Amino acid sequence: MKQFTIEIAKSDINATFKEPNDDMDGPVKPRRTLPSKSPSVPNLSQVFRATGPSNNLFKLKGQNLSQGHEQSGQNGLGLSYSSTNLSLIELYNDENGEEEGNESLSASLPEEVGINAKDVVPQQEVIPRQDAGLDDLSHYDRYGFKKQSNYINENEYDGWWKDYSQYCIRRKRKWQSLLEKSGFPMTTEAPDRFPPKSEKLKRYVRKGIPAEWRGNAWWHFARGQEKLNKNKGVYDKLLASLETKEYERRENSRDSDIIERDLNRTFPDNIHFRRRPNESAEPLMIQSLRRVLNTFSIYNPKIGYCQSLNFLAGLLLLFMDEERAFWMLVIITSRYLPGVHNVMLEGVNIDQGVLMLCIREYLPHFWHRIVNKQYSHNNQFLYKLPPLTLCTASWFMSCFVGIVPIETTLRIWDCLFYEESHVLFKISLSIMKLSEEELIHEHGPASKNMSQDDADIEVFQVIQTFPKKLLDPNSIFDRVILKRRISLNNLNQEEIDRCRKYVRAQRLKYKNYADVLGSNPKSNGERNALVELDVVNDALSSEVYGFRRSLTGLHWNNSIKEKVRQIRKK
Amino acid sequence: MLQFKLVLLGDSSVGKSSIVHRFVKDSFDEFRESTIGAAFLSQTIKLENEPDVTIKFEIWDTAGQERYKSLAPMYYRNANAALVVYDVTQADSLAKARSWVEELKSKVSDKDLVICLVGNKVDLCEDGSEPKAVEKEDAESYAAEHGLLFHEVSAKSGSGVSAVFQQIGSKLYAQKKDSLAASSQQRNTVNVELQRPSTNDATSCCS
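Protein chains in written order, with this note's numbering: chain U, 1 to 570; chain G, 571 to 777.
The hints are simulated quantities; they were obtained by calculation from the structure and are not laboratory data. You may find that some hints are simply not true.
Straight line, CA to CA, 27 angstroms or less: simulated DSSO-like cross-link-like pairs of lysine-lysine [stated by the list, open to error]:
no., chain 1, residue 1, chain 2, residue 2
1, G, K616, U, K384
2, G, K746, G, K706
3, G, K639, U, K509
4, G, K677, U, K384
5, G, K706, U, K384
6, G, K741, U, K468
7, U, K511, G, K639
8, U, K384, U, K448
9, G, K726, U, K501
10, G, K681, U, K468
11, G, K675, U, K448
12, U, K302, U, K469
13, U, K468, G, K726
14, U, K511, G, K677
15, U, K511, U, K174
16, G, K639, U, K468
17, G, K726, U, K146
18, G, K616, U, K146
19, U, K384, G, K726
20, U, K448, G, K681
21, U, K433, U, K384
22, U, K468, U, K207
23, U, K302, G, K639
24, G, K575, G, K677
25, U, K469, G, K595
26, U, K468, G, K626
Owing to the predicted nature of the structure, the values given are computational and were not obtained by experimental measurement.
Build the full structure now, drawing on both the sequences and the hints.
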């Protein structure tokens with residue numbers, strides 16, 4: 001085991017050198033000349049081959065590895081990143097693992113590279129010179145994100161990473177032995193098959209998938225290959241259609257305008273995405289991102305382009321090739337977050353309604369801070385969503401990308417693809433639960449004298465900044481997600497699906513009532529006035545959503561309780 | 571200290587967040603991440619023409635894409651001021667700004683709502699890197715016609731940004747001063763009425 005990670009690093013580099021020959025005979029499709037393919041995860045080289053890689057990609061990869069240390073500093077620009085990140089993830093782990101042995105690390109690297117692991121931090125060596133000249137790369141994490149943010153300084157980051165990187169190494173060993181025991185012999189590549197779902201595997205996923213396996217694991221758990229097999233060649237066709245005149249004439253070329261404006265506003269602090277002022281060449285990641293977002297906007301006209309998809313696609317591209325990233329985006333927006341990114345954003349409003357019901361059920365104290373008493377007894381908050389949802393809506397739209405620090409985001413994504421969307425609700429509730437302590441600490445218990453507007457702002461400020469400080473994923477996972485015997489564990493996918501159905505029906509019903517009552521409300525102002533009407537009010541609050549609760553093995557349903565009460569009244 | 575709620579509206583990437591960050595943190599990033607949903611920030615200023623008056627702006631910064639428009643009423647509900655931003659190098663962003671102004675005028679019942687039209691990115695025209703697509707006079711006359719304040723600014727250089735908030739602050743203060751005077755007079759009369767029963771009933775409530 002001691003040697004394992006080192007062997008991976010070695011073989012990956014060797015593989016990189018060999019690959020140009022392996023692929024010489026493959027036809028080169030035009031788009032591949034701008035190598036779309038996963039710049040980050042080297043272990044996906046198998047995938048590159050399967051989907052028809054370009055010779056260029058591997059040539060440049062090779063170039064980078066041999067030239068990256070020359071003083072001239074001219075390298076394959078963005079392309080050179082492709083090989084670096086692979087090494088970043090692998091080497092960083094090794095470097096921080098005391099037992100892994102740094103001597104053997106340097107011995108395992110090819111001669112040409114000439115790294116002396118004792119003298120230099122590995123990631124400084126593998127990153128292109130031009131970057132190293134302008135920035136000290138120790139300021140960036142293993143995915144190329146800046147360690148420092150407005151809420152976390154670099155010392156804090158380094159202090160935490162020292163421990164967390166050890167944790168990652170320990171977890172990876174556990175994964176390796178799990179896979180071996182399950183009859184998946186470990187090779188030097190990232191595994192592309194995983195054992196069938198089980199409580200044990202779920203626990204492993206919740207504790208984090210090894211970073212360099214994530215691309216494959218997400219793809220596997222989200223059943224990406226199934227989707228791709230049903231749609232062979234679709235992505236290529238979509239790409240081809242981007243070139244046609246028809247596309248340029250399209251009415252909704254508005255989408256591509258907004259995409260264009262958002263490209264440089266996607267991870268501007270990440271070395272793979274950022275565009276330096278005065279630099280003419282566009283990073284390859286940005287080119288990939290443009291293609292994925294534009295093809296997606298044609299593929300799903302109900303969504304087109306929605307701001308936040310840029311962050312989803314951007315993060316996917318750090319872990320998998322362009323075609324896979326595209327299909328994962330399709331899966332996220334249809335299976336996990338149905339309707340959330342649609343033109344009308346109705347899915348977001350439904351999910352926010354569901355979240356509000358969950359807060360009322362699981363975080364009653366917090367609930368009283370955010371919802372005015374006069375609305376809390378009935379279902380008004382399902383249409384007149386509390387202002388807090390302006391913040392929490394973005395949690396769902398971007399699946400926490402940019403909301404929590406990156407390692408925490410990735411842990412959430414691990415669970416999202418394994419356990420589906422209820423994870424997003426659980427995490428949201430967890431964040432609120434944890435931030436409630438800060439709220440009480442900073443502002444004291446909920447005050448009755450405060451106006452709802454002031455209370456809203458107080459809560460909003462804490463809820464908007466608190467997640468940005470969640471540097472350590474375990475601070476949230478250990479305390480909430482991995483904890484047994486907490487009521488939140490009752491919240492499963494079935495419950496969320498049921499709840500979504502209920503909220504959708506309630507919102508629709510409200511809309512219908514409003515129509516019947518003679519005015520088709522266009523503004524929220526009119527809408528709110530309508531909601532005051534008793535008739536609508538009574539009709540809508542007659543159905544109460546009942547959460548399933550497991551009490552002594554029985555499911556207790558609130559709506560049954562409510563019905564019994566109503567029968568008794570009569 | 572007076573508190574006012576201010577909302578930023580305008581097309582995607584015209585520089586709403588950049589204006590706020592210049593105002594609140596006096597900083598600028600060439601590439602700023604797109605705003606998803608909303609962000610809340612606050613900043614306190616002293617009025618230049620009324621040095622005794624401090625004003626706290628509670629600022630709601632919003633996402634610019636068309637589809638987020640359905641969420642907008644949540645922001646401009648109870649707003650005292652709105653900054654409607656366009657990009658001086660993008661003609662269609664002024665059209666979008668006009669539609670925001672219309673929406674505010676039709677949906678916000680508060681007659682005192684202060685709307686300020688702001689043309690951003692003038693630095694790009696000054697250094698010649700982009701042609702100016704919206705002439706100052708055109709935007710200015712539109713603003714005058716509709717009773718809006720108007721400024722051209724650069725979030726990048728910072729020029730004009732604080733003037734926007736100073737002017738909005740002064741206008742809000744002037745309005746508030748009038749209504750404060752009016753309501754304090756009102757309150758006095760109300761108080762007299764209230765005091766009567768409370769003194770009379772001092773004994774009766776115990777019996």
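Now the hints, each set against the structure:
no. : hint            : verdict
1   : G/K616 x U/K384 : violated, 36 angstroms
2   : G/K746 x G/K706 : violated, 30 angstroms
3   : G/K639 x U/K509 : holds, 23 angstroms
4   : G/K677 x U/K384 : holds, 16 angstroms
5   : G/K706 x U/K384 : violated, 40 angstroms
6   : G/K741 x U/K468 : violated, 36 angstroms
7   : U/K511 x G/K639 : holds, 18 angstroms
8   : U/K384 x U/K448 : holds, 21 angstroms
9   : G/K726 x U/K501 : violated, 47 angstroms
10  : G/K681 x U/K468 : violated, 38 angstroms
11  : G/K675 x U/K448 : violated, 34 angstroms
12  : U/K302 x U/K469 : violated, 35 angstroms
13  : U/K468 x G/K726 : holds, 26 angstroms
14  : U/K511 x G/K677 : holds, 19 angstroms
15  : U/K511 x U/K174 : violated, 52 angstroms
16  : G/K639 x U/K468 : holds, 26 angstroms
17  : G/K726 x U/K146 : holds, 22 angstroms
18  : G/K616 x U/K146 : violated, 36 angstroms
19  : U/K384 x G/K726 : violated, 37 angstroms
20  : U/K448 x G/K681 : violated, 30 angstroms
21  : U/K433 x U/K384 : holds, 23 angstroms
22  : U/K468 x U/K207 : holds, 20 angstroms
23  : U/K302 x G/K639 : holds, 17 angstroms
24  : G/K575 x G/K677 : holds, 17 angstroms
25  : U/K469 x G/K595 : holds, 19 angstroms
26  : U/K468 x G/K626 : holds, 25 angstroms
Hints 1, 2, 5, 6, 9, 10, 11, 12, 15, 18, 19 and 20, counting from the list given before, are not met by this structure.
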